[in-house]
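Chains L and G, in that order, are what the protein sequence lines are.
With this note's numbering applied, the first sequence corresponds to residues 1 to 123, in that order.
With this note's numbering applied, the second sequence corresponds to residues 1 to 177, in that order.
Just so you know, these hints were derived from the structure itself, not from any lab.
Worth double-checking, as some hints may not be accurate.
[To be verified] Straight-line Cα separation of at most 27 Å, DSS-like style, residue types lysine-lysine; simulated pairs:
# : chain 1 : residue 1 : chain 2 : residue 2
1 : G       : 174       : L       : 8
2 : G       : 174       : L       : 94
3 : L       : 57        : G       : 174
4 : G       : 174       : L       : 2
Please read these numbers as outputs of a predicted model, since none were measured by experiment.
Below are the chains, spelled out letter by letter.
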Amino acid sequence: MKSLEELKAIREKTLAGIQLRKEDGADNVRVVVGMATCGIAAGARPVLGAFVDEIGKRGLSHVSVTQTGCIGVCRLEPVVEVYVPGEEKVTYVKMTPEMVQRIVAEHLVNQQIVSEYTIGAAE
Amino acid sequence: MKDLSLNILDIAQNSLKAGAALIRIALRERDGVLRIVIEDDGRGMEPELAARVTDPFVTTRDTRKVGLGLPFYRQAAEQTGGSLELVSAPGRGTTVTAVFHTAHIDAPPAGDMPATIQTLIQGSPDVDFDYSRERDGKVSSLDTRLMREQLGDIPLNEPDVLQWIYESLTESEKELE
Numbered sequence: 001m002k003s004l005e006e007l008k009a010i011r012e013k014t015l016a017g018i019q020l021r022k023e024d025g026a027d028n029v030r031v032v033v034g035m036a037t038c039g040i041a042a043g044a045r046p047v048l049g050a051f052v053d054e055i056g057k058r059g060l061s062h063v064s065v066t067q068t069g070c071i072g073v074c075r076l077e078p079v080v081e082v083y084v085p086g087e088e089k090v091t092y093v094k095m096t097p098e099m100v101q102r103i104v105a106e107h108l109v110n111q112q113i114v115s116e117y118t119i120g121a122a123e
Numbered sequence: 001m002k003d004l005s006l007n008i009l010d011i012a013q014n015s016l017k018a019g020a021a022l023i024r025i026a027l028r029e030r031d032g033v034l035r036i037v038i039e040d041d042g043r044g045m046e047p048e049l050a051a052r053v054t055d056p057f058v059t060t061r062d063t064r065k066v067g068l069g070l071p072f073y074r075q076a077a078e079q080t081g082g083s084l085e086l087v088s089a090p091g092r093g094t095t096v097t098a099v100f101h102t103a104h105i106d107a108p109p110a111g112d113m114p115a116t117i118q119t120l121i122q123g124s125p126d127v128d129f130d131y132s133r134e135r136d137g138k139v140s141s142l143d144t145r146l147m148r149e150q151l152g153d154i155p156l157n158e159p160d161v162l163q164w165i166y167e168s169l170t171e172s173e174k175e176l177e
């Protein structure tokens with residue numbers, strides 16, 4: 001059984017990293033996952049979980065993952081939007097956890113959009 | 001919805017949209033009856049809206065005129081011979097209580113509750129969640145207010161904290177099997 005005490009150790013470990021991020025917030029990338037009824041029913045929860053895992057594992061402290069309601073294209077859920085400052089928003093559709101790793105590696109790390117997963121390719 | 005944990009994630013989003021500061025999610029299973037309570041201190045609803053929200057053609061969103069969250073949830077409960085009750089008052093929050101008969105052939109599986117709790121906290125790290133799951137006397141629980149006592153000003157959506165939430169809940173829910 002894990003104990004609340006372990007959180008103290010996490011606190012010590014995390015404190016330094018948070019300080020760093022506060023100082024350079026300008027180039028933050030946002031990943032937004034649609035988490036309304038349509039998204040959840042289509043499988044958005046494991047997609048969000050995969051983003052949180054993968055971004056945490058790689059220590060991408062300039063990327064934040066947030067949730068939003070219905071984006072409006074329910075038939076293409078799960079939908080994920082990626083916002084890179086100074087660039088046009090990219091919308092990925094019909095997401096699965098398996099697709100997440102590639103988007104993190106190619107788009108969030110190497111700045112190459114994964115075109116075949118985008119709404120443009122699906123439509 | 002494939003399982004109850006997804007229904008619960010969906011219904012709790014209503015509490016978040018209602019501006020809740022504290023959301024209590026309690027599952028209690030005893031003698032084949034599962035009772036799920038989702039209680040928030042959000043803005044609540046006027047009686048005439050509260051009476052109509054399990055109607056699919058009533059919704060607060062503006063991208064479509066259909067809202068399926070509560071209707072799905074009610075249907076899931078009723079198809080096991082159970083029920084759904086919603087109590088709400090303006091300024092006093094909303095409580096949704098669903099009852100399921102777990103031996104019924106149409107009873108949905110519980111699903112991954114740790115993932116649902118992790119997802120809720122990830123999306124709303126400033127809201128408090130009081131979660132408990134009890135099965136024939138054994139309890140698994142997580143209260144973000146207790147977590148904050150240890151974490152101080154570290155936000156709950158830090159990757160290491162989210163991982164701790166998932167792992168600690170998964171571990172303690174195994175004991176309920």
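Going through the hints against the structure:
no.	hint	result
1	G:174 - L:8	24 Å, holds
2	G:174 - L:94	32 Å, violated
3	L:57 - G:174	25 Å, holds
4	G:174 - L:2	13 Å, holds
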